[in-house]
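**Student:** Each chain is listed here by its residues.
Protein chains: 2
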Amino acid sequence: MSSASSAERTVSDVGEFELIARLTSTFAKPERADVVVGIGDDTAVISPDPDAELLATCDAQVEGVHFRLDTISPRQLGRRVIAVSQSDIASMGGMPTHALVSAALPGTLPVAHFDEICGGMQEQMATHGGAIVGGNLSRTGHELVIDVSMMGYVRRGGAVTRSGAKPGDAIFVTGDLGASAAGRDLLSTRSAPIPDDLSHLVQAHISPTPRVSEGVSVAGSGAATAMIDISDGLAADLGHICAASGVGAEIMQAEVPVAEGVAAAAQLRGKDPWEYVLRGGEDYELLFTVAAAQLNQFRVIFKELPIPIRRIGRILPQENGIHIVAPGGERRSLAGKGWDHFGGD
Amino acid sequence: MSSASSAERTVSDVGEFELIARLTSTFAKPERADVVVGIGDDTAVISPDPDAELLATCDAQVEGVHFRLDTISPRQLGRRVIAVSQSDIASMGGMPTHALVSAALPGTLPVAHFDEICGGMQEQMATHGGAIVGGNLSRTGHELVIDVSMMGYVRRGGAVTRSGAKPGDAIFVTGDLGASAAGRDLLSTRSAPIPDDLSHLVQAHISPTPRVSEGVSVAGSGAATAMIDISDGLAADLGHICAASGVGAEIMQAEVPVAEGVAAAAQLRGKDPWEYVLRGGEDYELLFTVAAAQLNQFRVIFKELPIPIRRIGRILPQENGIHIVAPGGERRSLAGKGWDHFGGD
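Chains as they are written, first to last, in our numbering: chain A, 1 to 345; chain B, 1001 to 1345.
Please keep in mind that the hints were generated in silico from the structure rather than gathered at the bench.
Just so you know, even glycine gets a beta-carbon here, dropped at the ideal spot from N, CA and C.
There may be inaccurate statements among the hints.
[Unchecked claim] Which chain B residues face chain A? A few, computed with CB under 10 Å, are given here:
no.	residue
1	E1053
2	S1163
3	I1307
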């Protein structure tokens, strides 16, 4: 049957020019008025917002390192690669507006998967009114690699970097933590079935939600002194803020919002749930600091946000180091690494 | 000796955080005043040029597909990945200003190679006053993949796309063609030594020069109706202009500038030199069209450009197709594919 065989065609079967045609038709005609030229020319042409500053970042997802095609569908993969880059723009307080997508494809990838990946990217990009304006295809011998460059805007002077935290600032986090790492760990045991009541953890890992409107609100409050998205884990990303700002910090363990089901997943896997919460990474929640003098002003914003925000600690002078304080008062150092792509263990 | 063992350390040995520190120190402190935040935060922050339009493009280079580390040095590779993206900006008439670099590295890559690749990128980016403002590292199991997203500016309304060519326009090309493809072919025969008098062909393949000032001048003349850089080969890239513009074309074979040594290389390899010239690709010369009424105006620009420009043919109505006319008057179709990354043959 020709339709069945068509569904199983690979990217090698159809060739680069047809793949480009498919990609172009998925991403063509963005609704954004500022896209002068979209996909299909040597470069995209964008009419910049003169009142804003441009944000730009890139992130690659590599098969076997960041995802496995037996645990994530092609459409989910497409959504995920866009979502994690939107999160980087959100963590500066910006709106993600334009993306470039570069895919290195193994020749054996089914064309149907390619189409689904593109469809997922388009879907996720549209959730915040953005457009995919450029792309590149190349072949790879082994792993599928998708690299996304995301651009966005923030009002002039309004970007919240990692480097503005000061001793006395309060530390906040959006949402709750640990679900993605617990879900990733459950997925890693291919043989064991995942209990129904823990499937939301897998979902959290596969389909993270970038906190775009939250990031814009936090930055817009004018009260935030530093912000980052939690991709390496709370411990490592707090460490990034502290290193960039030249400060220390103290987290109250009792205040850290742990996602539902994380404790159960840890028990099932014989792990410490705090490993997921502090070092797991890929939560894509926002971690930010607010000057003590502006806490009241910030509380107004706080109540308007669609998701809960929790105050979990405070910034200290650098010589205090970075610690977590247990409910009984015991202090443990949070120094060390989160999730190292190249390291040994 | 510790210095010898240090020179042989791999990216797996040193881990992601040290690699990021090395990359950050290579790319830190760009001299451009418009870089508000460079490498080291969640995104770069750029103060956009309010009088210009933003250009953005991405291009990936994959080990084993676009380069082999036994025929290109790490520093040359770094220069090349930046140069080919600068060429895309040039082909719209823009100045390349800011780049994001995403590298997927096999764990076995020597750290010294990583440093050299970064150094080469920095060197090439600086040739046109640009800055690398963001990066991402990930691990790959096999091939080294380097993806560059390049941004640049062109005056508002001044971008020269592929789609503006009209019947009657003259077709021009910068420099000469075929050297890169001939050099690539010579490199592909690992066993045979490359004659000294053909080494410039290899050089042309390994170290292409993006025609940045030429592109800016051509666009600035206001006379160009369409432009593209020759990455897929003259035949394919002329085809891209014709498809986007809805026109046909006729190239006079006697006018096409063939690079020195291309005929000798073809003889050595038992090939047709016109395969290199028409279908070889990776010349990174500019192919553009000029309205007949503006040819005189354009000739002024023509004489000021640092490299030769050659008029090679004319745009025709679409129904005429795309042909090359031999000195004896014989017409051959140029339709078909240039260099297909996925195709069979």
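**Student:** Can we keep the B:S1163 interface hint, with Cβ of chain A closer than 10 Å?
**Tutor:** 7 Å, holds
**Student:** Hey, does the B:E1053 contact hint survive, CB to chain A under 10 Å?
**Tutor:** With Cβ-Cβ at 5 Å, under 10 Å, it holds.
**Student:** Interface hint check: B:I1307, Cβ to nearest Cβ on chain A, cutoff 10 Å. Holds or violated?
**Tutor:** 19 Å, violated
In summary, the structure is inconsistent with hint 3 from the numbered list given earlier, while agreeing with all the others.
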